[in-house]
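S.K.: Generate coordinates for the entire structure from the input sequences, incorporating the hints supplied.
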Amino acid sequence: MKRQLGKKLPPFVSRQVIVGSYYFPKQEPAGEGVQIIGAGREDCARNYRVYRERGFEMCAFELVESGEFLLKINGQKRVLGPGSIFVYTEDTVYEMLALSGDPIRKYFTCFRGSEVLEYLRQFDLRGGTIKRVSRPQLLVGLFDQLVECANLPDDTAKPLSRDILNLIMRRSYTDNYLMQEPMRQSEQTYQKICHVISHHYIQISNIAQLAEICGISTAYLSRIFKKFANQTPLQYLTKRRMNYAAQTLLESGMDAKQVAIMLGYDDVFHFSRVFKRVHGVSPRNYVLAKDAEES
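In my numbering, the protein residues as written are 16 to 310.
Hints listed in this document are in silico derivations from the structure and should not be mistaken for laboratory results.
Be a bit skeptical, because a hint or two may be false.
Across the chosen pairs, the derived CB separations fall in these ranges [unchecked claim]:
{"id": "1", "residue 1": "Glu43", "residue 2": "His210", "range": "36 to 44 Å"}
{"id": "2", "residue 1": "Val94", "residue 2": "Gln250", "range": "20 to 28 Å"}
{"id": "3", "residue 1": "Gln250", "residue 2": "Lys207", "range": "13 to 21 Å"}
{"id": "4", "residue 1": "Ile231", "residue 2": "Asp306", "range": "36 to 44 Å"}
{"id": "5", "residue 1": "Arg299", "residue 2": "Gln137", "range": "42 to 50 Å"}
{"id": "6", "residue 1": "Gln218", "residue 2": "Arg64", "range": "24 to 32 Å"}
{"id": "7", "residue 1": "Arg299", "residue 2": "Gly279", "range": "17 to 25 Å"}
{"id": "8", "residue 1": "Val94", "residue 2": "Gln42", "range": "28 to 36 Å"}
{"id": "9", "residue 1": "Leu249", "residue 2": "Arg64", "range": "32 to 40 Å"}
{"id": "10", "residue 1": "Thr247", "residue 2": "Gln31", "range": "31 to 39 Å"}
{"id": "11", "residue 1": "Asp170", "residue 2": "Arg147", "range": "22 to 30 Å"}
{"id": "12", "residue 1": "Arg61", "residue 2": "Lys92", "range": "15 to 23 Å"}
{"id": "13", "residue 1": "Leu132", "residue 2": "Leu112", "range": "40 to 48 Å"}
Just so you know, even glycine gets a beta-carbon here, dropped at the ideal spot from N, CA and C.
M.R.: Take a look at the structure:
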């Protein structure tokens, strides 16, 4: 069942989304240049599937933050994991479906205009492009700012959103270029840590366990995150675990105590405090708020 934040959504937005936050500015008549149609952050359901057999009515740029998707395009199958970018245009035919049972979050922005294809070419992009960036957390921060434009007056949000879109494109181009060079050992270690968290965050409850699995010290783990991320390893791990908790509460009907036990918390009150620190409300109030938005 879909749960969403914000006003009524346009028909092209998937209904297989657990929680979504969106920015859709008031549209003007199509003209020259590039016009942003919208942007969003989506926690996708486990049965998420999109099949566009006639392409899309505009250009879109998607970034996978967590989980994995299977992309079928041009007779090939590709796995899109964290840090993957997928660009599609009006003539891009593809099928995209959730591949893992983990919480799956992706970001998107879509835009149109007479200069869109030339705009994409500036950043070595075209319909059907699949790439991977070396530091997806930097793009995530920009996408969050783009989505937050929904909270600004339209005359302020529109020019700001265009600037943020340009930054997203330039950052994705730069980070993809950097990946053509051999990664340093520290970068490889950081990627390994993120991979371990992505696949084992349910079982890993603290940084000592994470460091042991990765074969490094907790001190080195902290230094790596300080260098490559804008958060501590504990913040990153906790956010993944609490996002999973939120999705489980919404989808399974389990209560907070059951979810706490699943994640290794002996004290449900401690679990609730951690959940509130991440989501701003208690587990109970989180579910009530989503139910109210759905009704």
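S.K.: Could you run down the list of hints and mark each one as holding or not?
M.R.: Against the structure, the hints come out as follows:
Between Glu43 and His210 the beta carbons are some 43 Å apart, a value that agrees with the proposed interval 36 to 44 Å. The hint said 20 to 28 Å for the Cβ distance between Val94 and Gln250, and at roughly 27 Å that hint holds. A C-beta distance of roughly 18 Å is found between Gln250 and Lys207, which places it inside the suggested range of 13 to 21 Å. Distance hint check for Ile231 and Asp306: the Cβ-Cβ separation is about 43 Å, which falls inside the suggested range of 36 to 44 Å.
For the hinted restraint 42 to 50 Å between Arg299 and Gln137, the CB-CB distance of approximately 48 Å keeps it satisfied. About 28 Å separates the C-beta atoms of Gln218 and Arg64, a value consistent with the hinted range of 24 to 32 Å. Under the hint 17 to 25 Å, the C-beta atoms of Arg299 and Gly279, about 20 Å apart, fit the expected range. Look at Val94 against Gln42: about 34 Å separates their beta carbons, and that is inside 28 to 36 Å.
Checked against the hint of 32 to 40 Å, the C-beta distance between Leu249 and Arg64 comes to roughly 34 Å, which is consistent with it. The hinted window of 31 to 39 Å between Thr247 and Gln31 holds, with their beta carbons roughly 33 Å apart. For the pair Asp170 and Arg147, the supplied restraint of 22 to 30 Å is violated, since their beta-carbon distance comes to about 36 Å. Distance hint for Arg61 and Lys92: a CB-CB separation of about 19 Å, consistent with the stated range 15 to 23 Å.
Distance hint check for Leu132 and Leu112: the Cβ-Cβ separation is about 27 Å, which falls outside the suggested range of 40 to 48 Å.
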